[in-house]
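K.L.:
This is what each chain is made of:
Protein chains: 2
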Amino acid sequence: MKKNILVGQSGGPTAVINASLYGVITEGMEHLDEIEHVYGMIHGVEGFLKDSYTDLSQDLTQKELELIRLTPAAYLGSCRYKLPKDLTSPVYFTLFKKLEALNIGYFLYIGGNDSMDTVSKLSRYAAQVGSPIRFMGIPKTIDNDLMLTDHTPGYGSAAKYVASTVREISLDASVYNQQAVTIVELMGRGAGWLTAASVLARKYEQDNPLLIYLPEAPFDFQSFTRDLTEALRRRPDVIICVSEGISDVSGRLICEYNDEARLDNFGHKMLTGCGKVLENFVRNHFGIKVRSVEVNVSQRCSGMLLSETDVNEAAAAGSFGVRAALDGATGKMVAFNRTLDDPYAMECSLVDVNEVCNKEKPFPSHWITGRTNDISPEFYPYVLPLIQGEPKRAVSRGLPVYAYRK
Amino acid sequence: MKKNILVGQSGGPTAVINASLYGVITEGMEHLDEIEHVYGMIHGVEGFLKDSYTDLSQDLTQKELELIRLTPAAYLGSCRYKLPKDLTSPVYFTLFKKLEALNIGYFLYIGGNDSMDTVSKLSRYAAQVGSPIRFMGIPKTIDNDLMLTDHTPGYGSAAKYVASTVREISLDASVYNQQAVTIVELMGRGAGWLTAASVLARKYEQDNPLLIYLPEAPFDFQSFTRDLTEALRRRPDVIICVSEGISDVSGRLICEYNDEARLDNFGHKMLTGCGKVLENFVRNHFGIKVRSVEVNVSQRCSGMLLSETDVNEAAAAGSFGVRAALDGATGKMVAFNRTLDDPYAMECSLVDVNEVCNKEKPFPSHWITGRTNDISPEFYPYVLPLIQGEPKRAVSRGLPVYAYRK
Chain A
1 MKKNILVGQS GGPTAVINAS LYGVITEGME HLDEIEHVYG MIHGVEGFLK DSYTDLSQDL
61 TQKELELIRL TPAAYLGSCR YKLPKDLTSP VYFTLFKKLE ALNIGYFLYI GGNDSMDTVS
121 KLSRYAAQVG SPIRFMGIPK TIDNDLMLTD HTPGYGSAAK YVASTVREIS LDASVYNQQA
181 VTIVELMGRG AGWLTAASVL ARKYEQDNPL LIYLPEAPFD FQSFTRDLTE ALRRRPDVII
241 CVSEGISDVS GRLICEYNDE ARLDNFGHKM LTGCGKVLEN FVRNHFGIKV RSVEVNVSQR
301 CSGMLLSETD VNEAAAAGSF GVRAALDGAT GKMVAFNRTL DDPYAMECSL VDVNEVCNKE
361 KPFPSHWITG RTNDISPEFY PYVLPLIQGE PKRAVSRGLP VYAYRK
Chain B
1 MKKNILVGQS GGPTAVINAS LYGVITEGME HLDEIEHVYG MIHGVEGFLK DSYTDLSQDL
61 TQKELELIRL TPAAYLGSCR YKLPKDLTSP VYFTLFKKLE ALNIGYFLYI GGNDSMDTVS
121 KLSRYAAQVG SPIRFMGIPK TIDNDLMLTD HTPGYGSAAK YVASTVREIS LDASVYNQQA
181 VTIVELMGRG AGWLTAASVL ARKYEQDNPL LIYLPEAPFD FQSFTRDLTE ALRRRPDVII
241 CVSEGISDVS GRLICEYNDE ARLDNFGHKM LTGCGKVLEN FVRNHFGIKV RSVEVNVSQR
301 CSGMLLSETD VNEAAAAGSF GVRAALDGAT GKMVAFNRTL DDPYAMECSL VDVNEVCNKE
361 KPFPSHWITG RTNDISPEFY PYVLPLIQGE PKRAVSRGLP VYAYRK
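Chains as they are written, first to last, in the working numbering: chain A, 1 to 406; chain B, 1 to 406.
Calculated directly from the structure, the hints in this document are not laboratory data.
Treat the hints loosely; a few may be bogus.
For identical chains, the list gives no copy identity; a pair is met inside one copy or between any two copies.
Claimed, not checked - With a cut-off of at most 27 Å between alpha-carbon atoms, the simulated DSSO-like pairs for lysine-lysine come out as follows: (1) Lys98 x Lys82; (2) Lys289 x Lys406; (3) Lys361 x Lys2; (4) Lys85 x Lys361; (5) Lys289 x Lys50; (6) Lys406 x Lys203; (7) Lys98 x Lys50; (8) Lys203 x Lys359; (9) Lys82 x Lys289.
Could you put the whole structure together from the sequences, leaning on the hints where they help?
P.N.:
Have a look at this one:
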């Protein structure tokens, strides 16, 4: 008897999470002997629990499907819903009832480590109750911090966007002939992979960004003062890249250094990032021109500078996940194995989702150099293959065309 | 006797100010019967006064010249130097001495209205002392606020970047199924042209951004509360685009509404934008999820999404300026006349630089609609032709290649 696929997206958007969705849909429709429908949860498990889903194998034209492949953010909508730890909770019973009612045989969830936690719980519940439904995680995160995979879909495009943007900001900062510091705050609460990619912005050795700080090394204002003093001796325009999540040796976030004073007109606490804190520190301690730039959500959701490699790998992860589930796998996450560095070659494999969820892969400490303010050249052969190629986007009236649910 | 060209860049960077430089250099080298060298001031007039210049007709390879055309920010470096009002100041005598020593016949200055002020003063001084040197302004500003020209080079690419970025931020904001407001702060202190371009982000009528506020209309918190309340009835994810320079009816900048309380840990005033002020206002008055995104310098210096029309027109403005100066014009700025709307056609002309400098062309009030929170569809035929086409950039190892001075 034929079964159906149910696919969902969860967690923060990336530029290629929809390429994985594309991979799942197209692969599912390749197996019409085994698969009848590919359903999509609207807003992940949370939405599905409210019966919100769509038939992706029926409702999409081929043109829409191609658009979805290169559309950033989550086409199906996303959620930040955590299933209860206790597998005896009635929510599992309800959810499986709904899965059975839809004749679901394969459940694919595209997300980061919180989403892998969902896959872990559901597959363990299935084992417990003897359900034949197979659960598969498709990795996704710009943070590149999932365990047991060489890298994650989403990272390559975000890294490319960050490197290019920092290169452009460096040009912008170089036009005036005066001492000036630009602090660029990049995403990454716990892991510095994305901020590390800013090193690629250098057009030549010794170029900006001169200083790069990751969350993996404790940030210290005294060392920073020394680093910046030396950097300003090298050139008047200094670019500093920092992860949003840098903290001091005690673990206190640098962005919290302003807490006490950050009240607005209405007496409420204001939230800002570590870039603003460092901007003020430089202004007060160096007395020179300084600005901070928060690259913000565009680094995860921009479709302007996708990595074709990333898009193709994201789609491949989706397809591989479907094939693996059809072959009988459950409770797994699709992982990337790098089989060759030069020329780069990658193949998909499966890892135990329980070994992935709720863990974080830090940026390797031996790649953090220069008194923890620089990135080793050894990082280059790792990251460069991931940012190669630019897919051709659909354009209408001068702007990119993106898919959206009607 | 052959003469030399001296070209400079001044004011803030744009994505196509180097395309104008490219136009000046290539056109200059087309006239080798009249022109011997094309010199470039390093850091504008300020740098030239310190004898900082380069020979652009000698030192650049053809490949470098092509790279310059698509490199954002100012290849020659820029300055924010204002010549004294008093034309008897010795700085004029010094400057003209230097110009004569270099056998300069044609002085081209690429910039916004402050730079046109420089062209105005120098041409008036030349007339006064009977100097034959001809002074020509080449327009440049993402703000699109220069008088007597249909639009300015730099605006099209910035508008395209803004529209595309806001479209992506809207996708990013739409993934969760909850009420959430995103405030996007865009450049524009006095003129709202660039913020108005965010209306192009809409994929369909009634799409985000639902609210758009320009500096040309006074901002009022009570109206804003009403506007947002209504917008939240239309959809849970509301995107609001605001110019950095919005102010209240008394002229007080909205970004200054936090002044009193904005002290950091060290007791110093902190500077933020109006986006942050509105973010806090929404958080406190609506009690819903809200974030602000400052698109920042990338909107003026990104080369990711250039408008080919803008690049070509910027280069044409540079070429036209050289030809006009050779033909005897001085004290002029190159302007754009739109001769046809559909299909769009434009031709260059000359306007009196004295009529341009130190003035600002506001966004037309009859295009500000919807109780001053929306943009009229009449704006579309004006702006759309300016964002068309994407030039092919040089890419190396997955990243754009940009020219820089060695």
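K.L.:
First find the shortest C-alpha distance between lysine 406 and lysine 203 inside one copy, then the shortest across copies, and answer within, between, both or neither for a cut-off of 27 Å.
P.N.:
The answer is between: 11 Å across copies meets 27 Å, while 43 Å in one copy does not.
K.L.:
My question is about lysine 98 and lysine 82: at a cut-off of 27 Å on alpha-carbon distance, are they close within one copy, between copies, both, or neither?
P.N.:
Answer is within; shortest intra-copy Cα gap is 18 Å, inter-copy 71 Å.
K.L.:
Between the shortest in-copy and the shortest cross-copy C-alpha distance, which are at most 27 Å for lysine 289 and lysine 50: within, between, both, or neither?
P.N.:
For lysine 289 and lysine 50, the Cα distance is within 27 Å only across copies (22 Å; inside one copy 53 Å).
K.L.:
Treating 27 Å as the Cα threshold, decide for lysine 361 and lysine 2: within, between, both or neither.
P.N.:
Result: close neither inside a copy nor across copies, 39 Å intra and 66 Å inter.
K.L.:
When no copy is named, should lysine 82 and lysine 289 be tagged within, between, both, or neither for a Cα gap of at most 27 Å?
P.N.:
Between copies, since 19 Å is at most 27 Å while 45 Å is not.
K.L.:
If the cut is 27 Å between Cα atoms, do lysine 85 and lysine 361 qualify within a copy, between copies, both or neither?
P.N.:
Only inside one copy: lysine 85 and lysine 361 sit 23 Å apart there, 61 Å across copies, limit 27 Å.
K.L.:
For the identical chains here, do lysine 289 and lysine 406 meet the 27 Å Cα criterion within one copy, between copies, both, or neither?
P.N.:
between (48 Å within a copy, 24 Å between copies)
K.L.:
For lysine 203 vs lysine 359, is the C-alpha pair at or below 27 Å within one copy, between two copies, both, or neither?
P.N.:
Neither way: lysine 203 and lysine 359 sit 35 Å apart in one copy and 38 Å across, limit 27 Å.
K.L.:
Within, between, both or neither: how does the pair lysine 98, lysine 50 come out at a Cα-Cα threshold of 27 Å?
P.N.:
Within one copy, since 10 Å is at most 27 Å while 77 Å is not.
Of the hints listed earlier, those the structure fails to meet are numbers 3 and 8, in rising order.
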